[in-house]
Amino acid sequence: MTQFLASIGFDRWILHVLLVLPLVGVIPVLLGPVAMARRTALFVTVVEFVLSAGLWWAVNTTPGTLQLTSSMAWIPAWGISYAVGIDGISLTMVLLTTLLMPLCVLGSWNYITERERGYYVMLLTLLTGVLGVFLATDLFLFYVFWEVMLIPMYFIIGMWGGKNRLYAAIKFFVFTMAGSLLMLVAILALAWAVAGRTGTLSFAYEHLLTNSHVVGGLAPWLFGAFALAFAIKVPVFPFHTWLPDAHVEAPTAGSVLLAGVLLKLGTYGFLRYAVPFFPEVAASPWVTNLVLLLAVIGIVYGALVAMVQPDIKKLVAYSSVSHLGFVMLGIWAATVQSIEGAIMVMIGHGLSTGALFFLVGMLYERRHTRDISAYGGLAKVVPVFSLVFTVVALSSVGLPGLNGFIGEFLVLLGSFRVHPWATGIATTGVIFAAAYLLWALQRIIYNKLDKRENESLTDLSARELVVMGPLLLGILWMGLYPAPILRRIEPAAVRYIETLRGPLGFQGVSQQTPVVPR
Amino acid sequence: MLLGPALLLSAVLFTIGVAGVLLRRNAIVLFMCVELMLNAVNLTFVAFSQVLGLGGQVIVFFVMTVAAAEAAVGLAIILAVFRHTRSVDLKNINLLQG
Amino acid sequence: MSAEVVFYLMAGFAVVSALLCITQRNIIASAMWLVSTMFSLAGIYVLLNAQFIAAIQVLVYAGAVMVLFLFVIMLLNVGRGGNDLRGAPVRLVAMLIGGALLAQLFFLGRVTPGGMAVLRGAAAGSGSPMDAFPAGQTALTAPAAQGVVGAIAEPLFRQYLVPFELTSLLLLTAAVGAVVLAKRKL
Amino acid sequence: MPLDLTTPLGATMALLPEIALTLGALVLLLVNAWRNGTARDSRLSGYLALVSLVPSAIALGILWMGGARAEGPAYMVALDPYRFAALALILVATAGTILLSLGYLEREGLIAPEYYSLVLFAASGMMFMAGAEDLIVLFLGLEIMSVSVYVLAGFNRGSVFSAEAALKYFLVGAFASAFLLYGIALLWGATGSTGLADIGARLSGGEVPVLGKLGLGLLLIGMGFKVAAVPFHMWAPDVYDGSPTPVTGFMATGVKAAGFLGLARILYEAFPAATEVWQPVVAALAVASMVLGNFVALSQRSLKRMLAYSSIAHAGYLLTALWPGSRLGSGATLLYLAAYTLTSLAVFGILSVLGRGGERDVTLDSIAGLARRRPWLAFALSVCMLSLLGFPGTFGFVGKWAILAAVVEAKQVVLAVVVVLTSLVSAGYYLPVVMAVYMREPAGSESHSGAGLPRPAVITVALAVAIVLLAGILPASALASAMDTAGSLGPAGSAPIVGFRR
Amino acid sequence: MTLSLIQAAADAPVPAGAVGWVWLAVALPLVGFLINGWLALTRPAAKTAVSVIGAGVLVAAFAVAAAIFVQLRGHPPEAPLIVELWRWIPSGGLDLRFSFQVDQLSTVMLLVVTGVGSLIHLFSIGYMRSDPGYARYFAYLNLFVAFMLVLVLGANLPVLFVGWEGVGLCSYLLIGFWFQDKANADAGKKAFLMNRIGDFGVLIAMFIIWWTLRSLDFVTIAERAPLRLAAGGAGVTAITLFLFLGCTGKSAQIPLYTWLPDAMAGPTPVSALIHAATMVTAGVYLVARTSTLFAMAPVSSALVAGVGAFTALFAASIGLRQYDIKRVLAYSTISQLGYMFLAVGTGAYVAGVFHLITHAFFKALLFLGAGSVIHALHHAYHATHSHDDAQDMRNMGGLRRYLPWTFALMLIATLAIAGIPPFAGFFSKDEILAAAFGRGESQPIWFLFWGMGVLAALMTAFYMMRLMAMTFLGESRVGAKEREHLHEAPWSMTGPLLGLGVLTVLGGLINLPVFAGGHAALEHWLEPVVAKAQDIMPLAMPHGQTEWLLIGGAVAIAVIGLLLGWKLTLARPILPAREAPPDTGFSLVLFRKYYIDELYDGLIVRPLVAISRFVLWKGVDQGLIDGVGANGSAALARGLGWVGSRLQSGQLGFYIVVFLIGAVWLLRAVAR
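Chains as they are written, first to last, in the numbering used here: chain V, 1 to 518; chain G, 519 to 616; chain R, 617 to 802; chain E, 803 to 1304; chain Z, 1305 to 1976.
In case anyone wonders, no lab produced these hints; they're calculated from the structure. Treat the hints loosely; a few may be bogus.
[To be verified] Straight-line distance between alpha carbons at most 20 Å, and here's what the computed EDC-like set of lysine to aspartate or glutamate pairs gives:
hint : chain 1 : residue 1 : chain 2 : residue 2
1    : V       : LYS448    : Z       : ASP1485
2    : V       : LYS380    : Z       : ASP1435
3    : V       : LYS163    : Z       : ASP1485
4    : V       : LYS163    : E       : GLU1009
5    : V       : LYS163    : V       : ASP311
Produce the entire structure from the sequences given, and follow the hints as far as they go.
The structure is reproduced here in structure tokens:
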């Protein structure tokens, strides 16, 4: 495989192709007949996935540094260039994105009935935007993608969303923008501070990373700006309230992408930018404790609030808040296990929450309500659906052998050495997770089949099975044999920890002594 | 040489003009006050031109043309408004607001 | 009697008539007081040996412009349009603002050629301060040499050629504009 | 080609663009003397006006490409790329205005060909103002511009709003120009010259005399009025609101551009040594404008009025760009003006085609669901909104980026933060427009459909939007040229930006 | 061969012989699950195929287990044999393999699970025949066995945890098997959540172990613990306490026992297999597995023993006043599990495992017996369309005439659980009590535990006899019509009963103590597993007449209990459930299980939900963050804008005032 890819010069063009292909795909979608729009989109996204799959072999993750890097002058006078690269972390994120995207198209197959062209155009644009964020290695480029990605999602929510979509859309937009605008200033300040010291104005990632220490007293502010932008995206409590609204109002595919991919952008930002740029600040006890506090609050709070949601989508949305809390915890523990765990949670959450939203969407298409109380006893009428739903829910609960467990286990295992108390509290999250999901499960597919409308429900169609199939496979694979993924992540994670070791190391990096002296 | 006193006088006249603009509601009078302010400025130019040369006087010359031009257009506008509102009292001229 | 005395008389007259101009209820009256202000200013110009300016002050301003004003006032027949003075609170505000503004400008009274010379970097007290200002001296002598008008014309058509041309453009614009607005039908 | 501006010939050469334009206006007047009755005449003179821009543009091109520069110090008018860029900008704004007016005047029944000659006069005034190297020229140019714009504001004689707009604009304008003039007088007294370069030279040494400071202050007041900076802005909403929409567009583009470019020249050439005097003031005005403009715009129903307030906010951004007094700053000013001019042209163009009998009633509700009827118009409008919002991918973002860079370079992060936060607020009124056109259902039959769009306006909008997008995606050349141009402004050899690679 | 493919990722050599095929024992039920699951979704009617596969895989698995047992019997390994399947979670220093550990302990568990499992599967064929969810049922059951085997075979804590949670899942699914009835679904959820609370403990324990010992493999843990951890120190105590929290959840000990009685909502064979024989004993297995750690933590051990003893007593007391035949057995299970924990807490790990095995036999027998009783009554009621509770003992009585086999076998089991020699239960229980007594000499507190144990034994005998009496003895309270329809279950059901009966009788032999002429086979068999622990925490078994006294006392108590149970129960006539008067006084308290459920519900569940809904969601989320934060600031902005636009009054005079104020300010600013 590797030789074959090398023979076609895969590693030279793949990243650019991945970024451009969706935009190219926009054209036939726009010009072609409406009926063909979804097919074209499906074709493009599938091709995209197939191509990106090659990265699995093409990217040499062993050094842990950015691979396949290439750079093209964009605004030379300002040291801005179109520069892309990929490492183990972004590799997994990219694959997750490209995997979910065709499924989203399939998932919207019958759900989207009006303005189809526009819808699929938005999906494709979003694909480019998200991939751009993951692949960019130039801060200006990163920022541009970061913002541009907002627009398609804004339209997806606002045009194909539910009753309250306008509110949700603008809330989503403004929340995200509030953070990112400050980040823009921070990026500039950082670049100029570095330029003032090194004499070269450049927004290249590596350049800034190696020189970020020169900002000195400015560091806390810059970190704050970056952190805010990412925290809102993650979302970290208390910046999470845009999420439930956006999720609830967005169409199925929108929710899937929001949960599956967009939230990861925040944590990815922390991993890639905020923390490595300003390790001292990030490591300072003040910040560490704050983040831990918020992460733990997010875990428990999200779970508790999810428990009492009458709306399935809201429930899943809050569960995301809870899950992403684990990621934050893992990032701040900064041990190999916790970092890898954090990334595994990101992937796993992408799969299982995505799957959950698909399932909710399938219910919605049949009954046009997301009210949990409107269901019950479905296992009798739609056994296959119930089976899939159960498996997905369990994976989200973190049942060992399924994907959810691997990530949470690693995060907690790795973090416990560093922050025992926070981790201890965080671990209670597994209890609450079971609480809200099983309760929902019971109220939806178990109990008495007492609603007449539910008796005539049809079970999953072939198309829907095709949508769920890959997700289920991924869920099982990640749960049973995550080694290949971990192997690819590990070097990057290690390098991440190296960057933090810096002047004053992360406390997480220092080896802990046993509780009791020998 | 009467430099300081002249400048002060111009300042006083300018202020009076400003006060007039504040005090009056009639558009025409308002405009007259503006003319008064322009005159005050002219005095400043002339006063300085004792020390700094004739340039000041030339500028005064320009200012006068400006004043004339403004007067022509301004009064035309006032006429136009009067056609609509039959009044040049500013308190009646506040359709545009908010 | 010396120039100072005359100056202060005229200055006082100018201020008084200006004040009357802005406080007179009757519009025509205040217009007339404005005219008298302008006349007194013209007088002051003469004292400041700007005779030409004084002349056109009377011609253009007190003459043309004010006539135009009066014409409009008559035309609109707002002459006794009643009281257009604002109420007591506004007057208070006007006094406060005016006072504040004047306070800002008050130092102008203390400006002297000597002070300006010092600003120019001339050593204080070294002979007459006017030594620092050759242009000023020519301004004093030029009228005698080439006549009042010639003295002005010289810079007007050399240094200030471009602005001079601009004024013509300005007047043309104003004319067109006035015509457009005043035309009965569009 | 070096020109000696002190000689009539040199001056004439240097002023070719202005002169060409003025001649065009005169010719137009002559034509109108015979042809001034029908709509055809109006259209004819419109196209004539458009044509008469061409020689001016050519002259400008010759000067610019020929690398014209002043022999010795510039005198009365500047002769440097910054002026040329300014003239180009003004020409664009004028052309756009004329194109928008073509259909509009007929629709609103304003058949008076003088309109176009006034536009041309105003344009030449702007040119003088933006290129002025001497305060007197600046003042006179400003007056020419103002006088004609006063008239244009009140041009819709049938509309009481138009008349009121004209009166308010005129009274406050005359009032403000008195302040400006007083400032010139005091500056002349302080330095014995009205030439920007001389003033700069005189003030360069040591402490600025009180006379100079006051003069500067009064000057700022006068200019602040022209660019509608808080607190000298109160006139703007009403006047923008009442004037015919193309004229409003002209104010937002041409007048603003001329004002800022003139102000930039004043600050950078006459007062580079007095930064500690004017920077705090400019900062204060900027913050006030950004805050007030953006917040008040939130509460507007009428699109036109909302844009008026947003233009106040943008004045704030532009003042922020001026603040650093650096090359990057003047470059950012130019760039942002370009972005804002193009976007505003497009916006007001769209607005003018959406309206019926004035646009004061074009509201969010009336444009709801526009995308269904006129997808391209909706698209253009959305792009403009995003550009005004400063969203990546649009020219507006490039401008804002440059501004932020300028203030950040000057270590003035606070201003930068204010800029971005107020931009965030502005999302609160720009986005609803996008929502209305795309995400809401048509409010019924009476909604503005803009049946039969006038082709010239459509072309203008299309071009403007295209450029906005293009410059947004490939900003390199725009940024670079802006910065080069900026290099020519201010005392020679003003510090280049750190590490600028060429 | 898929295995070779998977093992390509692993690098340890595969042990020779049957041990190398241990994965089959797991794979077979798993395959059964897949096939049955497929059938359940596609053709639920194919019951024959389902039964063949479902029971077949179990028997096959049992064969594998037997083979392994034989191999180990042949040449017992000194170190556990590790069968590594694949690299599971390699991350930094942590290199988790998905590997199985075959040693004496796991082999015993393997045998018990597959053996008892097979019998119960066979029983289910008859018992569930008429159920529409037949295939689904067997699928779940197979899956359960697979997970249970992963649990007992896992070579490191995470792998064990996979099984640990897996069995929890299956019990959840099977308890809620008849999910149409909300109560059942609730019961399933309750079971899962209670287990989750326990799992929390297991997780934390794993983290501390990793933190301190840098490994999660049982072998390594056993090696390193004594070296790196101070005996009785905070570390090991914390570890063991958290582990034990997990055990209380899985094995239904105080405080997490309340789910087990509700779990009776599931089909009776499920109760027999999962909630009596196998899953619930996982906690005991875990303690035995990590015996080294527990041995090093005396405090924890004492707690384990104490909790065990108290649970034994507590649950037994509740069992006294229950009417639902399965609930009685449920509480008896809890109490028997308490015995096992008393054993392992005392350090008598072998005794614990021994009791685990015997208990598996007789409790399974009891449950299946109860099952056939219910089966019979159910059919009777079904035939007569009566809606009486087929599980309420007050509706039974005198059934021995109709169900002779069942009666006989259940009687044996009763005697066994009561501790009457020579039945299995006698030896195991006696060993436990003896061990407790023995430790008492060094740590007096154990005398108290012993006392509790004895008292519990009395109660056990009592409520078991009461059960028998109410069910089989006395005159029948089954309606006349129904009686015609009462008949013994088919052989497919009584056959397994018979098998278990045999085991119950002979079970004691596997560890026949010396005094009874045996040579403690199990003890020697498990010796290598628990040796280390025994060294750290040696047992002090009583000898001589003390031993005989204890035995005698125990037997006496058992007999007394049985007699009391018999006499007191039949002393007064028992009324059928319908006209029975409600209990009063303390018996009501007992009947209501000390109101523990109500307590938990009122103290924890409801408040939590209420707080989440009203404080967190409505209050913080919607009120504070959204209302005040997001929308509030938006409204504020609009408000400011409104004020601003009000100032735009249209009055030119005001404009000029503003202008001038600004002008004056500006002039001051520059002139300063």
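Each hint tested on the structure:
Annotation: proposed proximity of V:LYS448 to Z:ASP1485 holds, straight-line Cα distance about 6 Å (limit 20 Å). Annotation: proposed proximity of V:LYS380 to Z:ASP1435 holds, straight-line Cα distance about 14 Å (limit 20 Å). Distance restraint check for V:LYS163 and Z:ASP1485: the Cα-Cα separation of roughly 35 Å exceeds the 20 Å cut-off, and the hinted pair is therefore not satisfied. For the given pair, V:LYS163 sits about 65 Å from E:GLU1009 by alpha-carbon distance, which is inconsistent with the 20 Å threshold.
About 14 Å separates the Cα atoms of V:LYS163 and V:ASP311, which keeps this hinted pair within 20 Å; it holds.
Checked against the numbered hints above, the structure violates hints 3 and 4; every other hint is satisfied.
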